[in-house]
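**Student:** For reference, the chains in residue letters:
Number of protein chains: 2
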Amino acid sequence: MTQDDIARTINRYLELASVAEGADIAVLYADNATVEDPVGSTPHVGTAAIAAFYDSVRSPNRTIDLITLRVSGETAAFHFRVVTVVDGRTITVEPIDVMTFDDRGRITSMRAIWTTEDIVVS
Amino acid sequence: MTQDDIARTINRYLELASVAEGADIAVLYADNATVEDPVGSTPHVGTAAIAAFYDSVRSPNRTIDLITLRVSGETAAFHFRVVTVVDGRTITVEPIDVMTFDDRGRITSMRAIWTTEDIVVS
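Protein chains in written order, with full-length UniProt numbering: chain W, 1 to 122; chain H, 1 to 122.
Extracted from the complex, chain W is given alone in its bound form (with noise of 0.2 Å):
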């Protein structure tokens, strides 16, 4: 597993947050990875409640863009750009991610780190 592996992995993650099911987010992380988002709040443990956390907080017209990314060893932080439209209202909040990868490239921790006090409402 090289950094390219890992990058190439991440550029999946925000193409399928955006749009997929919850089940096919929960494939890119290992059998008994945690999700903490926001950090500080329960961890979701393993891929069934990896994949029911990603159904929790779907929703249908939302756009995520990278805004900056680096790797180092098996660990990777991002900072992104989640953009949401409800009921005309676009919602936009940008967080920082750190992830860490065992040597298949499979995610092992997702921690995500942002607060309510980032979110932006235009």
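In silico contact screen, one side only, chain H against chain W (beta carbon under 10 Å); selected entries:
1) Pro38
2) Val71
3) Thr115
Think of the hints as simulated: they come from the structure by calculation, not from any bench.
Virtual Cβ for every residue (Gly too), placed ideally from N, Cα, C.
We have chain W already, so just place chain H on it with the hints.
**Tutor:** Quick look at chain H alone, frame taken from chain W:
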């Protein structure tokens, strides 16, 4: 310790990181804190090792600016720019660092996510 406390500590850290002696930076860290810079390298553990690390990377002509800061729970991630002028060349790198904090607001771990591929020389 609030999110504002963490933000203040990170701003202080970035101020010090461009000019201060290692010992003055190390006081921001908890006693048994770890510094892994870049991620994948051997961590520096404890105040003396952390102070020595910062002394080892000091440079007289360096400016550091915060680009983006996110804080969630007791974790912060921040994207920042380090510009160092050496022998008439300008060396720029923009890592994403991840820090955790104890309940007294001291840094318990720092992980710097960047590689030499992220360095721009002009």
